[in-house]
Every structure is written in C-alpha cells, then in structure tokens.
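Q: Please put together the full structure from these sequences, using the hints given.
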Amino acid sequence: MTSTTLRTNTCGELNSKDIKKEIKLTGWVNSRRDHGGIIFIDLRDRYGTTQIVLDPSKIPEADKLRREWCVQISGIVRNRPKGMENKKIVTGEIEVEVKSLNILSEAETPPFEIDDRVEANEELRLKYRYLDLRRPIMQEHLLARHKAAQAAREYLSSQNFMEIETPMFVKTTPGGARVFKVPSRVHPGKFYALPESPQMYKQLLMVSGCDRYFQLARCLRDEDLRVDRQPEFTQIDIEMSFIDREDIYLLIEGLLKNIFKKVLDSDIKTPFLRLTYHEAMSRFGSDKPDMRFGLELKNVTEIMKHSDFSIFKSTIDKNGIVCCLNASDCGKFSRTEIEELIEIAKTHHLSGLAWIKVEKSGKLESSIVKYLPDKVQKELINAVEAKEGDLLLFAADEFEKSVTALGQVRLHISSKLKLMDPKNYKFLWVTDFPSFEWNEEINAWQAKHHIFTSPLDEDIKYIENEPGKVRAKAYDVVLNGVEVGGGSIRINKRDIQTKMLQVTGLTYEEAEKKFDFLLNAFKFGCPVHGGIALGFDRLCALLCGINDIREVIAFPKNKSAENPMDDSPQDWTPEFLKELHLKLDIVKK
RNA sequence: GCCCUGGUAGUGUAGUGGCCUAGCACGCGAGCCUGUCGCGCUUGCAACCCGAGUUCAAAUCUCGGCCAGGGCGCCA
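All residue numbers for the first sequence refer to our numbering, where the first residue is 25 and numbers rise by one.
Calculated directly from the structure, the hints in this document are not laboratory data. Be aware that a few hints might be false.
As the list claims (entries may be wrong) - Beta-carbon label-pair distances, calculated as ranges:
(1) S375 to N467: 23 to 31 Å
(2) K171 to I520: 38 to 46 Å
(3) R316 to A407: 20 to 28 Å
(4) K171 to A407: 18 to 26 Å
(5) N587 to R90: 27 to 35 Å
(6) I161 to T522: 33 to 41 Å
(7) L167 to N103: 23 to 31 Å
To be verified - Only pairs whose alpha carbons sit at most 20 Å apart, straight line, appear in this in silico PhoX-like list of lysine-lysine:
(8) K402 to K387
(9) K450 to K214
(10) K285 to K450
(11) K337 to K402
(12) K312 to K112
(13) K384 to K370
(14) K547 to K517
(15) K472 to K425
Source: prediction; values computed, not measured. Glycine is no exception: its CB is placed at the ideal position from the N, C-alpha and C atoms.
A: So this is what it looks like as structure tokens:
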C-alpha cells in the first residue's frame with residue numbers, strides 16, 4: 025500500500041522501518057487487554073491492526089477505553105521486547121508506545137462482535153451493515169470488488185472501449201424480467217421503467233458508430249431473490265461492432281485474465297475450454313457445468329432398450345431417454361443418503377431415480393437388476409466404466425428433465441465428496457444455445473436469449489420449418505458452475521430479423537411497434553455487432569471464494585427484497601401520492 | 001404462488017415431556033493484575049418468537065400465526 029499526501033500512518037502498515045518514529049494513528053479499539061499497570065489495545069483501521077501500549081499512570085483515560093471506541097493516538101514506534109513478537113499479524117514485530125490519547129468518540133456495545141470468527145445472522149448483519157462492514161473480511165471483499173472494477177476499466181480502456189452511461193428511466197420492452205416502475209410526477213398516470221439491462225441502448229450505440237462500448241451498469245429486476253440474485257446488481261456490459269464470436273471470446277478471456285491477475289495475482293489459463301449447449305447438457309446436465317470434477321452423465325437409452333424394466337421401456341417408447349450417472353466410489357452410500365439424492369431429483373421434477381450398486385467383481389446389486397439381462401448388464405458396465413464400489417444412478421424421462429435432474433444430483437454428490445476446490449478456476453464457454461424454446465403455457469416458440477440474437481449461418485434454413493433446430497450465435501462464459509456472463513452476436517439484417525420474429529408469431533410491423541426505436545435505428549445502417557454482459561457481483565463473489573453475492577455488495581437487500589437497515593421499501597404517504605396524482609388501492613395478495 | 005429448514009441471554013449454540021431453578025462459549029458490568037495478543041483470575045448480568053391446545057407437567061408434542069434462511073416456479 026502506498027502512502028498518499030492525504031494519509032499518514034495506518035494500523036496495517038507499520039513495520040521495523042518505522043522504529044523510533046513519532047507517529048499519529050487513528051482507528052477503532054479492536055480489543056483491549058488490561059493488565060492493571062499496562063494496557064494493550066489492538067487498534068484497527070481498514071488496513072489492519074497495530075498493538076498500542078498505554079501506561080495508565082501516564083495516560084489516565086486509558087482504562088476507560090472500550091471496544092469500538094474511535095480514537096487518535098500519538099506515540100513512538102518501537103520493537104516489541106525479545107520473544108514478544110506476534111507472528112500472526114503483519115505488524116507483530118512492532119508496537120506503539122502511546123504518548124497522548126485523544127478519544128474521538130465513545131461507542132455503545134455493538135449488537136454483535138466485530139470479528140471474522142463470529143458470524144451473526146444475516147438479518148442482524150444487514151440491519152447493522154455499517155458495523156458488519158468493519159469486519160476485515162468484509163473490507164477485503166469491498167477492496168477486491170474495487171480492484172476488479174479498476175482492472176476491468178483499465179483493460180477495456182486499453183482495448184479502445186469507451187465507458188458510456190445509459191439512462192435509468194426507460195421505456196419497458198416486452199419479454200424479459202419484470203421491471204420496477206417509477207411513476208411520473210410531470211405526466212400523471214405515466215410510468216418510467218427501470219432498466220433490467222442496458223441491452224437496447226448499447227445496440228443503439230453501435231448504430232451511432234461508438235464501435236466499442238462498455239459500462240459498469242446497474243441493472244434492476246423485480247424478480248424473486250436467490251443467493252446469487254439481488255434486485256439491483258451490476259454488470260460489466262460490453263458491445264462491439266464489426267466482429268464475430270471469436271473476437272468476443274478473445275476479448276473476454278483477456279479481460280478476465282487481467283481481473284484475476286490484478287485482484288488475486290493469479291494466472292488463469294486461456295483460451296477457455298468450449299462446449300456446445302447440447303454437449304454441456306448431455307455430459308453434465310447443465311448449461312453452466314462445473315468443470316472442476318468429472319462425474320459425467322452417460323446416455324444409456326440404446327442399452328436400456330433391451331431391459332425389461334417397465335419405467336425405462338415406457339420412457340423410451342415415449343421418445344424419452346435413460347441417462348446414467350456413475351457416482352464413483354459412492355457404493356457405500358446408505359439408504360438415507362440415496363434417498364437424499366432421490367429427493368434432489370424430485371425437486372427438479374423427476375419422479376424418482378433408479379440405482380444400482382456395483383459389488384465385488386462387477387456384480388450389480390439393486391432391485392432393478394433382475395430386469396436387466398446379462399448382455400445389458402455387461403454393456404452398461406462398459407458404457408459407464410463401472411467398477412467395484414460405484415453407485416449408478418438412472419434418470420428416465422424426456423431429455424432435458426433427465427439430464428437436468430441428474431446434473432443437480434451430480435453437483436450434490438460433488439459437494440458431499442468435497443470435489444470442488446474454490447481456488448481452482450475452470451473457465452468454460454458454452455456456445456450454440458438453441459434460438460427458440462417451446463413455451464407450454466402460451467403454446468408458442470419463444471426466443472431463448474432475446475429476439476435480436478443472430479442464428480448460426482448454417483441454421484438459417486431451419487428458421488421457417490424447424491425452429492427447434494436453430495442454434496444461436498449466443499454464448500455464456502461459465503466459471504466453476506456459475507454463469508458469469510452471457511451474450512450474443514445480434515441480427516443486423518432485416519430479412520433474417522423478420523423470419524425470426526415470425527417464429528414467435530410477430531410480423532416485423534408488429535415488432536416495430538414494440539421495439540420501435542431499436543428497429544427503426546437499424547434502418548439507418550446497422551453494423552454487424554455483438555456483445556456480452558458479465559455478472560459483476562457473481563464474479564466478485566467467485567474472486568472472494570464465496571457464492572453469496574450479498575457478501576460483495578455493500579448494502580444488499582434480504583431475501584424479501586427489503587433492507588432491514590433503512591427499512592425500505594417504505595409506505596407511501598398521502599403527500600407522496602398526491603404529488604404523483606395517484607390513489608392507492610392495494611389489492612391484497 | 002409452492003416446497004423444505006429453522007426461531008433458546010447482546011452474539012453463537014446445547015437441551016426431544018419431569019432430571020431445566022435452562023448448560024456452555026463469547027460478550028457486557030465490577031474488582032485484581034506491567035508483557036498480553038481469542039490475556040488471566042474473582043464475581044455479577046442476561047434467554048425458551050407469538051397465540052391456542054394436549055398433559056398432573058411443555059423450550060420440548062399438536063394446531064394457527066409471525067419472522068428468517070434455502071430451494072422450485074420466475075429470472076429472455
């Protein structure tokens with residue numbers, strides 16, 4: 025850490041070079057060890073702690089000091105007596121002999137201890153977030169986030185990108201996440217939407233010739249929350265003109281390399297591994313597979329065609345698949361542990377799991393073995409490379425359901441067996457997502473990414489008659505099972521756009537009404553363009569080795585999208601409403 | 001909207017019908033202590049989410065509610 029003219033000494037940075045210097049220190053009382061004739065205080069600031077030594081006979085106020093009081097001292101840096109050094113802390117070689125003490129502010133006993141070892145519950149931490157953030161671990165998270173933002177800006181600027189701000193009061197466009205609405209005072213009865221992402225605007229900037237845009241953009245979505253989802257979050261939003269997918273891959277690999285170098289001093293391997301969507305789903309049961317461990321799925325439909333197990337047979341008859349996960353060395357799982365796996369499959373909409381334990385010399389043990397002819401058993405053992413001590417799990421249902429459920433079981437087993445090392449960074453591109461997916465509810469095709477996503481050139485021929493076969497120039501970047509970002513090359517040709525819209529039941533003219541300014545802009549010379557958005561919060565969480573994005577957000581919301589500290593959202597007073605020309609008529613849920 | 005888990009001093013937890021006058025650790029208060037660093041010693045403070053029910057007896061069982069967390073749906 026370099027000193028600036030604004031700062032003098034800090035509690036985290038003193039060392040033997042400072043011996044005999046007379047210095048001033050400010051900070052909070054982290055802990056107090058009162059020995060009567062001598063008092064030790066660990067003084068804490070953002071940078072660390074330093075032991076200060078007070079003689080109560082010379083500093084009469086010394087024995088009043090309590091935890092979290094905010095103080096300034098001046099004193100002399102000195103070596104600790106021989107044998108009294110503390111190797112556990114950075115400043116453990118030295119201590120500061122206090123000459124004068126200035127109590128800046130006394131403090132109430134905090135509602136929880138400011139200590140990384142003590143984890144108070146979420147609600148309390150959020151209510152007193154300003155105290156929670158005093159903890160060194162939280163300071164580390166905030167610093168990591170800052171460094172990541174700096175590294176992103178530095179890298180993208182070096183690549184000729186311009187950071188441009190897009191508006192926060194926007195018009196809503198159909199599809200996508202539920203947006204927050206803001207009533208307009210000037211226009212009674214009208215509302216702004218808050219942007220779920222700057223998607224439209226960054227595409228417009230390409231039409232404007234901005235060529236290379238980025239933004240650390242706040243995005244707002246009025247959806248239910250999860251560990252990795254907050255109503256307001258940040259994206260590193262990027263768009264480029266005159267490029268294809270390879271340019272994005274190269275850029276993002278460089279960007280992430282720079283971020284990991286600057287934040288963790290870690291060299292990540294590039295280029296990243298690549299999998300098509302179909303491959304990822306088939307082999308790992310996820311479009312964001314964790315590549316730190318194996319446990320791959322295997323389609324055993326062909327083999328099971330010759331089994332007599334009725335569930336397998338009827339599934340195959342209905343065009344479903346039988347998928348197998350060889351959980352190696354899990355043959356020792358108890359009945360309860362297997363039930364646990366089945367429960368996970370059920371949560372993910374599978375009716376159950378069949379299972380087989382592999383016993384000595386490849387003998388299969390399970391209630392379904394009697395339905396498997398010898399030939400089937402042999403083929404199965406070969407196909408999934410089963411060996412003694414393995415547990416084979418089977419999902420039988422339509423393709424997506426089977427692999428997704430087994431994919432979740434795969435994750436559960438890996439965390440149970442502790443196969444994921446948080447320090448091991450396995451990046452992956454998942455490519456060639458389907459352009460459309462069938463929506464059961466509305467009985468229609470829907471864009472899986474968004475409707476402006478370009479199809480693969482070789483799939484254009486399927487658009488009209490077999491939309492399910494159309495793959496998109498869309499890509500996700502995945503790190504250790506977390507979708508860190510996603511994007512696509514956009515459509516810049518009207519005829520293709522028209523065809524794509526037709527699949528979802530829209531004419532170009534109807535679409536023009538919905539997305540008027542964007543499609544209108546495309547008429548005036550639209551460059552080939554594409555981009556990506558990286559989930560900055562998720563990325564920071566991964567950099568800190570955690571999975572809860574709230575830990576890297578200074579003031580997050582709780583699961584119910586409330587902030588226990590400022591008590592938002594708040595009731596709207598009659599005055600508020602009057603100003604906005606609104607009457608409240610709350611329809612009870 | 002649905003499912004699961006939980007709610008015990010300020011904090012983190014133990015306690016599955018009577019051994020609970022609710023245990024432990026940290027914390028906080030008072031006192032002692034000149035080399036500690038999660039200081040030590042003495043001593044004190046402080047809790048069963050709310051309501052109803054079952055029972056001779058409820059922190060413990062049942063029902064309802066509230067709150068929190070995790071997940072499914074949702075999030076292109």
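Q: Would you pick out the hints that fail for this structure and give their numbers low to high?
A: Numbers 4, 6, 9, 12, 13, in rising order.
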